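Chemist: As a plain string of letters, each chain reads:
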Amino acid sequence: MLGTTFTLAIRSILRHKLRSFLTTLGIIIGVAAVVAMVTLGKATTAAVQQQIASLGTNILQVRPGQGFGRGGGGPRPPDFEESDVEAVREQVAGVTAVAPQAQSTATAIHEGANWSTTINGTTSAFFTVQPWPLTAGRTFSPAEEAAGKAVCIIGATVQQNLFRNRQAVGERFRIGGVSCDVIGTLSRRGQAGFGGDQDDTVIMPIKAVQRRFTGNRDIRLMLVGVDETYDSAQVQSSLSDLLRERRNIEAGAEDNFNIFDTAQISATLTGSTTLLTRIVAAVAGISLIVGGIGIMNIMLVSVTERTREIGIRLAIGAIASEVLMQFLVEAIVLSLLGGVMGLVLAQVAIAIITPIMQVPWMFDLQINIVAFAISAVIGVVFGFFPARRAASLNPIDALRHE
Amino acid sequence: MAERVADPIIRLRGVTKTYGEGATAFQALKGVDLDITGGDFVAVMGPSGSGKSTTMNILGCLDVPTDGEFMFKDVHIETLDRDQRALVRRKYLGFVFQGFNLLSRTSALENVELPLLYRGEDKKTRHDMGMAALEKVGLDKWWDHTPAELSGGQQQRVAIARAIVTNPDVLLADEPTGNLDSERSVEIMKLLTQLNQESGITVLMVTHEPDMAAFANTIVHFKDGLVERIETGMRARVDA
Numbered sequence: 000m001l002g003t004t005f006t007l008a009i010r011s012i013l014r015h016k017l018r019s020f021l022t023t024l025g026i027i028i029g030v031a032a033v034v035a036m037v038t039l040g041k042a043t044t045a046a047v048q049q050q051i052a053s054l055g056t057n058i059l060q061v062r063p064g065q066g067f068g069r070g071g072g073g074p075r076p077p078d079f080e081e082s083d084v085e086a087v088r089e090q091v092a093g094v095t096a097v098a099p100q101a102q103s104t105a106t107a108i109h110e111g112a113n114w115s116t117t118i119n120g121t122t123s124a125f126f127t128v129q130p131w132p133l134t135a136g137r138t139f140s141p142a143e144e145a146a147g148k149a150v151c152i153i154g155a156t157v158q159q160n161l162f163r164n165r166q167a168v169g170e171r172f173r174i175g176g177v178s179c180d181v182i183g184t185l186s187r188r189g190q191a192g193f194g195g196d197q198d199d200t201v202i203m204p205i206k207a208v209q210r211r212f213t214g215n216r217d218i219r220l221m222l223v224g225v226d227e228t229y230d231s232a233q234v235q236s237s238l239s240d241l242l243r244e245r246r247n248i249e250a251g252a253e254d255n256f257n258i259f260d261t262a263q264i265s266a267t268l269t270g271s272t273t274l275l276t277r278i279v280a281a282v283a284g285i286s287l288i289v290g291g292i293g294i295m296n297i298m299l300v301s302v303t304e305r306t307r308e309i310g311i312r313l314a315i316g317a318i319a320s321e322v323l324m325q326f327l328v329e330a331i332v333l334s335l336l337g338g339v340m341g342l343v344l345a346q347v348a349i350a351i352i353t354p355i356m357q358v359p360w361m362f363d364l365q366i367n368i369v370a371f372a373i374s375a376v377i378g379v380v381f382g383f384f385p386a387r388r389a390a391s392l393n394p395i396d397a398l399r400h401e
Numbered sequence: 000m001a002e003r004v005a006d007p008i009i010r011l012r013g014v015t016k017t018y019g020e021g022a023t024a025f026q027a028l029k030g031v032d033l034d035i036t037g038g039d040f041v042a043v044m045g046p047s048g049s050g051k052s053t054t055m056n057i058l059g060c061l062d063v064p065t066d067g068e069f070m071f072k073d074v075h076i077e078t079l080d081r082d083q084r085a086l087v088r089r090k091y092l093g094f095v096f097q098g099f100n101l102l103s104r105t106s107a108l109e110n111v112e113l114p115l116l117y118r119g120e121d122k123k124t125r126h127d128m129g130m131a132a133l134e135k136v137g138l139d140k141w142w143d144h145t146p147a148e149l150s151g152g153q154q155q156r157v158a159i160a161r162a163i164v165t166n167p168d169v170l171l172a173d174e175p176t177g178n179l180d181s182e183r184s185v186e187i188m189k190l191l192t193q194l195n196q197e198s199g200i201t202v203l204m205v206t207h208e209p210d211m212a213a214f215a216n217t218i219v220h221f222k223d224g225l226v227e228r229i230e231t232g233m234r235a236r237v238d239a
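Protein chains in written order, with numbering that gives the first Met the number 0: chain A, 0 to 401; chain B, 0 to 239.
Just chain A, with the same shape it has in the complex:
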């Protein structure tokens, strides 16, 4: 009997192609919207995570001052000193490496090209704390670091603007009046999560930057690498205790430095994009339900329009459950067809939109299965009412129906 009703349903759908297509349109759009929205949301989350991972995971950024701003009046809190770096590295358990940073800006000049960029003074620990592969060359040697030699590792943006993407290692350029040898070039990292081009940088030994650019021995930022096996909060807490002690902060007084945990930021941002994904998925889900109601409406109209047909079937000897099954199967087949077309449409939309949004392309099997399953459920739920109505028709009245 199921084979018979299936045959009947398929025949009926094929006989009325336009009506069938219009019936499924709501489901097509609903399924496509759900799948595309959820996939794009997940892709955005992945992109955010990727950007944050490029900052380095398990890194604590330690800055003088409170929060992001400098705060209201009062004296400017002192920067860190080299001895602070030593102390953090030696005394805080769970710290793998500490990279001090001193920053300045200057204009770099090479063969008539000039480019204003950021100079980051640091140590080779910078490359231990966060992975940032070189495309060519090497990092600083201990001797260069100790002597504060004018050697540079340049970011991809600087390489592009100063050297027109040619091989730069071994070249020499001038930056803020200092002549500098390029010993390494960095791979491209892209935009930081908070704007700003991470590749627009020149990295030099911190002593060189302090001596030739900032004119002091202050350290504006410490990048602290944390061993993965340690609890980041525990490390943060002992780091905070150490710095309070070294900076003579009285008990009860507020910190005059802040510790910024990239893992925590990552979790926060991921949490908000996930929440956003859920919200758009819910909105798209509503459109899927509206699509289901569309199926129901057109099936109801279809039952009225086909009253005479139903009368013929009943007169010929179809029992009520067979008529019910035929209409139910029609609704289910239609919504499954709509589901399949919706999935295809979603893939097309994702392929078009991901490059525009600059998020990675992805295929999320789970949401595809879920959306398809929902379309089947919609077929059953919204197909049942019209089908029951068809099955309950009185054959005599149905045959007289004009």
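FYI, nobody ran anything at the bench for these hints, they're computed from the structure. Check the hints yourself; a few may be wrong.
In silico BS3-like links for lysine-lysine, alpha-carbon gap of 30 Å or less [to be verified]:
| hint | chain 1 | residue 1 | chain 2 | residue 2 |
| --- | --- | --- | --- | --- |
| 1 | B | Lys72 | B | Lys189 |
| 2 | B | Lys140 | A | Lys16 |
| 3 | B | Lys135 | B | Lys189 |
| 4 | B | Lys90 | B | Lys135 |
| 5 | B | Lys90 | B | Lys140 |
| 6 | B | Lys123 | B | Lys90 |
| 7 | B | Lys123 | A | Lys16 |
| 8 | B | Lys122 | A | Lys16 |
| 9 | B | Lys122 | B | Lys90 |
Computed from a predicted model, the values in this text were never measured in an experiment.
Add chain B to chain A, keeping to what the hints say.
Modeler: Chain B in isolation, oriented as in the chain A frame:
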């Protein structure tokens, strides 16, 4: 009286049918008694409102009497539920309507095969039986035409093929020539007569045209919800 004692295939006893309730109630049948012998060709006549359509609906197992007995092949149809009556229709009855009632956008063969689908016949059987039925009505060459591509007379022949494809015991025809001109009407009546005589199928036909009723062997006249009179042995009484 006892000219034919063969068991009647259909037996109505004191059948009444009332529509509505209370003050608006309308009694369409007021106690009909009727026997129909297997293999007969019966024309049911009467003015509108006389109860002939109601009787046909009951005989076609599409409706149930309010009171009384309806025996079909020794089964009390009035005791059956909706689905059981549908199964009786599926197995023993064939219907031909005034308005043809073919499925649109559906080929003649698919229309004829429809009752076989509900019987669960396989594809090959459906095709063979469907083509055989179309051949009986002389439309086997038109099997792939949809109703829109067929004339009224052809459509009614397809409808007859659909009604007889399951080899039913009884063919119920409700004004089968009502939508046709007289030439086509005669063709359809000749076809029904032929089926009745060659296949022994019992034909029950509602008509208000005496010309058409003249093809029948028995004519049942209805009036005011009762059988007024029965003329039988209309066909040349060769069997007497």
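Chemist: Give a verdict on every hint.
Modeler: So, going through the hints one by one against the coordinates:
no.	hint	in the structure
1	Lys72/B with Lys189/B	holds (27 Å)
2	Lys140/B with Lys16/A	holds (27 Å)
3	Lys135/B with Lys189/B	holds (12 Å)
4	Lys90/B with Lys135/B	holds (20 Å)
5	Lys90/B with Lys140/B	holds (27 Å)
6	Lys123/B with Lys90/B	holds (20 Å)
7	Lys123/B with Lys16/A	holds (27 Å)
8	Lys122/B with Lys16/A	holds (24 Å)
9	Lys122/B with Lys90/B	holds (19 Å)
Checked against the numbered hints listed earlier, the structure breaks none of them; every hint is satisfied.
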